[in-house]
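Following numbering that gives the first Met the number 0, the numbering of the sequence shown begins with 0 at its first residue and continues without gaps.
Errors might be hidden in some of the hints.
[Stated by the list, open to error] Below 25 Å or equal to it, Euclidean Cα-Cα: the simulated BS3-like pairs (lysine-lysine) are: (1) K330 / K248; (2) K245 / K230; (3) K325 / K235; (4) K330 / K275; (5) K136 / K245.
I should point out that these hints are in silico values taken from the structure, not numbers from a laboratory.
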Amino acid sequence: MELIILRCVFLLCAGGVSWIINTALPSDADINPYLVFVGIMGIAVVAIMGDIFISSKRIDSISAVYFGVLIGFLLTYVLWIALAPLFAQSLLLGNAVKLILGMLLCYICTSILIQTKDDFRFLIPYVEFVREVKGFKPLILDTSVVIDGRIADLVNTGVFDNQLIMPRFALSELQAIADSSDKLRRVRGRRGLDVLNRMRADDNVDLMIFDRDLPELAGQTVDLKLVLLAKHLEGKVVTGDYNLNKVAKLHNVPVINLNEISNSLRPVYLPDETFKVRIIKPGEGAEQGVGYLDDGTMVVVEGARNRIGQELDVRVTSTLQTNAGKMIFAKYDTN
Numbered sequence: 000m001e002l003i004i005l006r007c008v009f010l011l012c013a014g015g016v017s018w019i020i021n022t023a024l025p026s027d028a029d030i031n032p033y034l035v036f037v038g039i040m041g042i043a044v045v046a047i048m049g050d051i052f053i054s055s056k057r058i059d060s061i062s063a064v065y066f067g068v069l070i071g072f073l074l075t076y077v078l079w080i081a082l083a084p085l086f087a088q089s090l091l092l093g094n095a096v097k098l099i100l101g102m103l104l105c106y107i108c109t110s111i112l113i114q115t116k117d118d119f120r121f122l123i124p125y126v127e128f129v130r131e132v133k134g135f136k137p138l139i140l141d142t143s144v145v146i147d148g149r150i151a152d153l154v155n156t157g158v159f160d161n162q163l164i165m166p167r168f169a170l171s172e173l174q175a176i177a178d179s180s181d182k183l184r185r186v187r188g189r190r191g192l193d194v195l196n197r198m199r200a201d202d203n204v205d206l207m208i209f210d211r212d213l214p215e216l217a218g219q220t221v222d223l224k225l226v227l228l229a230k231h232l233e234g235k236v237v238t239g240d241y242n243l244n245k246v247a248k249l250h251n252v253p254v255i256n257l258n259e260i261s262n263s264l265r266p267v268y269l270p271d272e273t274f275k276v277r278i279i280k281p282g283e284g285a286e287q288g289v290g291y292l293d294d295g296t297m298v299v300v301e302g303a304r305n306r307i308g309q310e311l312d313v314r315v316t317s318t319l320q321t322n323a324g325k326m327i328f329a330k331y332d333t334n
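Can you make the complete structure from the sequences, with help from the hints?
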């Protein structure tokens, strides 16, 4: 409703401007007043239509353009004070130089601010031209953790109040997986895109696509790009990839490993405890069968190789905890 009122007032103002221009024209001017009216109203309608069709607007981008042009004009004015005596004899040449100087400086300043708008904030009294970043450190997502999907459920619990950042290069990798000719990879890629869309549609999730090209990222692998980006933004890498976890720690970049979080929340089975598990495939050992708990934990059962497809009562002998996951070793007593 506010936009409708604003646009109606804007059209009325456009009509008023055309009336002022027509009344200011000399009586002998060979200009049709109706043409002036139609022209100004046409410009107003084009501006409104552009505003309607360009629905996605970012205040930080708009403010970057605004301050870029403002700084460009200021620098032009300061430089022209120094250069004006050189063109005192030629007013036409001086005006041309001033226009070219203003054009170049406005472009350069605006370009620099647009490319670096994520590194600082545009502030004027009582108005901040940037969305407030939640939490203390941004969380940089990698492709595997988005495909995994648990990050969306974890964020919905309210445990993380940080800004989530999906780098453009990681998103491109995810799109390539979704377009793969391999059916399994294609399903995984599309699942990752669905998870991203679900988080982006949630008003309580602060998700940003980071599309700046930093010089230090050029020519690096995707994993190393994630680590260097996290270091640049002073954030943390969120991953389920064991190798990326190691690379990040080598660069002293904090890591949130979803497997470690999941492992810490899984029920712990102690030696001699019993539970039921369905054997689904043979293990590497001669008499081993392998099953999985509901949470994905692998259970290696001695003496169950010939019991594939059956649900057995097994007794825990030991557990193995790693960053890549948890394994439970158990024994099936045939007696």
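Going through the hints against the structure:
1. K330 / K248: Violated. K330 to K248 sits at ~37 Å, over the 25 Å cutoff.
2. K245 / K230: With Cα atoms ~15 Å apart, K245 and K230 stay inside 25 Å; holds.
3. K325 / K235: The given pair, whose Cα atoms are some 24 Å apart, holds under the 25 Å limit.
4. K330 / K275: holds (11 Å)
5. K136 / K245: Holds. K136 to K245 sits at ~20 Å (cutoff 25 Å).
Hint compliance for this structure: hint 1 alone is broken.
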